[in-house]
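Chemist: Mapping to UniProt numbering: the sequence shown position 34 is 34, numbers consecutive.
Everything labelled a hint here was simulated from the structure, so no lab data went into it. It is possible that some hints are incorrect.
Below, computed lysine to aspartate or glutamate pairings styled on EDC-like, alpha-carbon distance capped at 16 Å [unchecked claim]:
1. Lys24 to Glu6
2. Lys243 to Glu174
3. Lys129 to Asp158
4. Lys15 to Asp209
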Amino acid sequence: MLTEKEWLLINDIIKEIYAAKNLKQFGETFLLLIRKLIPFRSAAFTIIDNGFTVREQQYAGINLPASSIREYNEKYADQDYTNEILSFPKSTSYRDTDLINEEQKQKTTIYREWLAPQGKKYGGGLTIKLENRLISCITLFRDEMNGPLSDRELYILDLFIGHMESIIGYLLIEQQNRFMDFKTMQAYQKLSGREKEIIPYVLKGYSNDDLSEIFYISSSTAKKHVYSILSKFQVSSRGELIKLIASQE
1 MLTEKEWLLI NDIIKEIYAA KNLKQFGETF LLLIRKLIPF RSAAFTIIDN GFTVREQQYA
61 GINLPASSIR EYNEKYADQD YTNEILSFPK STSYRDTDLI NEEQKQKTTI YREWLAPQGK
121 KYGGGLTIKL ENRLISCITL FRDEMNGPLS DRELYILDLF IGHMESIIGY LLIEQQNRFM
181 DFKTMQAYQK LSGREKEIIP YVLKGYSNDD LSEIFYISSS TAKKHVYSIL SKFQVSSRGE
241 LIKLIASQE
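Please take these sequences and the hints and turn them into a complete structure.
Modeler: Structural data, given as structure tokens:
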């Protein structure tokens with residue numbers, strides 16, 4: 001379905017977004033690079049708080065300034081015809097043409113007043129959730145020439161979902177200084193000294209091979225440490241570990 005060149009580019013994008021130091025940098029990097037695979041007119045990366053409000057300090061956009069997103073929040077968010085995708089129980093890709101037909105869309109206030117004047121005829125992207133809570137939206141807007149997102153382009157977006165959940169979850173933990181809460185968790189107290197050294201790297205997305213190089217241990221030993229960490233937190237994957245820690249208040 002995808003060419004070798006496209007797979008190589010996807011791998012490069014994944015490496016770059018894992019290197020992001022904060023949410024804004026993550027958003028800027030992803031939007032800039034994904035455009036090489038999926039053309040768009042404008043795009044937005046947003047972090048959503050508990051009140052479904054966009055956090056402007058973590059906003060990243062291409063041809064879509066923060067002021068435009070502010071206008072959307074104040075005037076049109078409640079009228080958005082793609083809102084139904086927000087209630088989907090897990091992270092997902094989507095396109096607006098699956099949610100509303102063209103005739104209905106052109107009658108909506110948000111399309112007539114906000115989207116159409118900016119040349120945003122079609123929209124789609126990703127919604128990212130942790131513990132059933134919406135934490136981020138990546139929205140790509142396209143004009144008449146590019147048309148709606150294709151099945152192939154949605155497939156490409158789907159490839160990033162697991163990575164998005166891990167990276168955004170980690171960066172939220174780091175940003176909100178939740179490591180204090182994390183270190184008071186009962187499961188953390190059960191970790192060995194070496195496991196306490198390793199777990200921050202696991203949360204950041206480092207592979208077993210990466211851990212072996214950093215801590216001068218074999219890959220099999222790194223794998224055993226990671227398995228032990230997951231077992232003590234009673235989760236079965238790194239993604240579940242991040243979701244568990246991100247859910248701590």
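Chemist: Run the distance test for Lys15 versus Asp209: straight-line Cα separation, threshold 16 Å.
Modeler: holds (14 Å)
Chemist: Is the straight-line distance between the alpha-carbon of Lys243 and that of Glu174 16 Å or less?
Modeler: holds (13 Å)
Chemist: Is Lys24 close enough to Glu6, meaning Cα to Cα at most 16 Å?
Modeler: Not satisfied, since the Cα-Cα distance of roughly 25 Å exceeds 16 Å.
Chemist: Hinted pair, alpha-carbon criterion (16 Å max): Lys129, Asp158. Please report holds or violated.
Modeler: holds (13 Å)
Violated hint for the displayed structure: number 1, the only one.
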